[in-house]
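If you read the protein sequences in the order shown, they are chains A and B.
Residue numbering for the first sequence follows this note's numbering, starting at 1 and increasing by one per position.
Residue numbering for the second sequence follows this note's numbering, starting at 1 and increasing by one per position.
In case anyone wonders, no lab produced these hints; they're calculated from the structure.
Computed from a predicted model, the values in this text were never measured in an experiment.
One or more of the hints may lead you astray.
[Stated by the list, open to error] What follows is a list of derived Cβ distance ranges for each label pair: (1) B:Asn35 - A:Asn44: 21 to 27 Å; (2) B:Val331 - A:Glu76: 53 to 59 Å; (3) B:Gly491 - A:Gln38: 48 to 54 Å; (4) B:Val331 - A:Glu75: 57 to 63 Å; (5) A:Glu76 - B:Asn35: 54 to 60 Å.
Every residue gets a Cβ at the ideal spot worked out from N, C-alpha and C, and that includes glycine.
In case you want the letters, here they are:
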Amino acid sequence: MKQFLLLLLTAITINVTAQETLPSIEIKTLDGNTTSLQKISKDNDLIVVSLWATWCVPCKNELDAINDVYTDWQEETNVKLYAVSVDDSRTVNRVKPLVNGKSWEFDILLDTNNDLKRELGAATVPLTLIIKNGKIVYRHSGYTPGAEDELFEEIKKHF
Amino acid sequence: MKKIAIFIVLILPIVSFAQETDTEDNTIFSQFLDNLSGNLETNAQWYTNDSKLGEFVDPIAEFDLRDEHVRVNSYLRLDYNFLKNFTVGLQAESYEPFPLINYYPEYNDTQIATYYANFRNEQLDVTAGYFYEQFGSGLLLRAFEERQLGLNTALRGGRVKYAPTDYFDVTALYGQQRIAFNVSDSDIFGFDANFDVSKVLEIKGVNRLNLGFSYVGKQEDFTPPVDEFDPDYEFDTSAFPEMINSYSARLDLDLGNVYFKTEYALKGEDVSFIPPSLPGTGVLEGKYFDGNALIFTAGYSKKGLGVISTFRRIENMVSTAERNAADISSVEFQFNMQNFNYLPTLTKQQDYSLANIYIYNVQPGLFLQNFGGQAGEIGNNLDVFSNFKKGSTLGGKYGTKFTANFAYWALLDAEFDQAESTYNAEFLKFGKRLNRDFNFEVRKKISKNWSSIFTYINSIIDKGVALGGNLGTDGDIKSQVAIFDVTHKLGKGKSFRVEAQHLWTKQDRKNWVGGTLEYIANRRLGFYVSDIYDYGNDNEFSTETKAHYYNIGGSYTKGATRVALNYGRQRGGLLCVGGVCRIVPENTGLSLNLATSF
């Protein structure tokens, strides 16, 4: 217990800064290529990353809602959304047909053994991040109906 | 209680400061902080006595004696990044004074549970310490973490990943598996290679052609058990498999709209266990059995339509870090501990509470002397996803999304000679049916502020699978579930959601009804109340009585921090997270979940 309290104290003192640096952990594209959040953010100034899963109802609600307005978002801010599926090998095969079935326009990435999810400390999905020039500038977990509008307000702040 | 109070006091500053990011003083200390990241998760539960379900009882007798009603599981992870390519990190875990019920009892302390040092550049990735890994679909090896079930199968040792080109990569590893706060008394070796043929050879019409090969070896010393009734008897260890070598090969072919994935695995000979009620030492002598698995997935997809079918046959594929964990009578088996491969249940994972009562659980093991004998499972899972466009007849103004799923799983068709301890399983024949599931879901936006999801499930499941017990002998449970889920947006981030559920069955606890009301005040704050009730339960002979499983709770989210509070009664039964299922006891109480990252 003592060790743990010490660690906690450390955790608290460092807590004035929230996580900004991007994990360099490998994730896969739907085509089987390897990439990482660091690489993706090098090629794009402003991106939104959403951790989701095929079995998560609020995640699908969020991405459905964003998909409806995604073209407008892109026209206005040029933002790109990367939807990172945390499905493990039980459900990962559903990702591609589901994405096509839903006609989602985003780039889809796979985090099959949840390495990225662990590094980001996402206890639950969905987790939404806004990344500007390689730094996490906004983070929100969970989805509530209409939250996509507030997310867009947030995106515009960093545009 | 005092410890918990301290804990909460310590956590509070994290919650309040987690958002204050823009401090730009360039001291060494703040540079240090810039490179440090971490997260904290705490799940606390206060188990209360229940007037209907009875007093709180911990299923672990030793814990029950201490009668601790408040339990806290906490996880603190820290990662520190330096010199561009290096990272070091650790995870501290605390289970005080005991773990939450339905956790493996050895999680019973506060310690640094895992630590690692990693170097990573474009081509090379080297880790010393604890690491997670998966080869292919996990048939031979998967080291992963699933906190909700208390599973952490990280390996402690070393791993090198090398990708000299963009079409070839290899991984080599060695480790001992983490078991609670210890590691296994066995060594695991692994090698994995992937070759992307389509990047080397341009083949017309082929988007991707990937080949993969894996090897996993496990070495564990064997000390023959002593037969209590015949202490002089000498166990013949001459052919005993202390080293188990397993191989797998896979192919991934993408032709654009059509794609295929297949993997075949061969597991080396391993022991089989004899139930404690039968004579002998518990370990079958002189007869060792290999295992195998085949997965074949075929998919078709284009914009607006996706179809995927997965066939899988698994025979004797349970692989545990220490062989005793594969014994059905061990505590480790009961808690799904020590598996180093991953054989998930391949049915649709449902979110709603009544849809999670009669669910299938994978049957990958060989049990020669238990029940009538069983050798594995065979079956298929099919999914269809489609989107009816806006403006079409079925699509309406906003479009309609439709998904359907069909799954069929059976025992392998096998003949057992229990006297001789041999068996023979057919390759492509279905044995006794364990599960047949048909379900579909329609998602429809009705107007600007109204949207709905309708789900229907029609399933047949073997009683032994759903409730625990012998497989294929106690009959089936046939059930149907219908669920309406309607969301109404009230503007300014406010919304209201109603969920109505009904389950029909003539077996077990008969019909159930359920409902949820959820109010979202804004993006940060939400409340809900829910109940499920087995109103049809009139089983005179059943020990189960009718009960309302009510829950009330709320959650608050701010930036990287989420706090949730819940009070209610949890229905026991099969709890599945990912593809792993475990039977959990009923309980009542107050729970607090906190997660934050920095």
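Going through the hints against the structure:
1. B:Asn35 - A:Asn44: 21 to 27 Å: Distance hint for Asn35 (chain B), Asn44 (chain A) holds at roughly 23 Å.
2. B:Val331 - A:Glu76: 53 to 59 Å: holds (58 Å)
3. B:Gly491 - A:Gln38: 48 to 54 Å: At 39 Å between Cβs, range violated.
4. B:Val331 - A:Glu75: 57 to 63 Å: holds (59 Å)
5. A:Glu76 - B:Asn35: 54 to 60 Å: For Asn35 (chain B) against Glu76 (chain A), whose Cβ atoms are near 34 Å apart, the range 54 to 60 Å is violated.
This entry does not satisfy hints 3, 5, going by the numbered hints stated previously.
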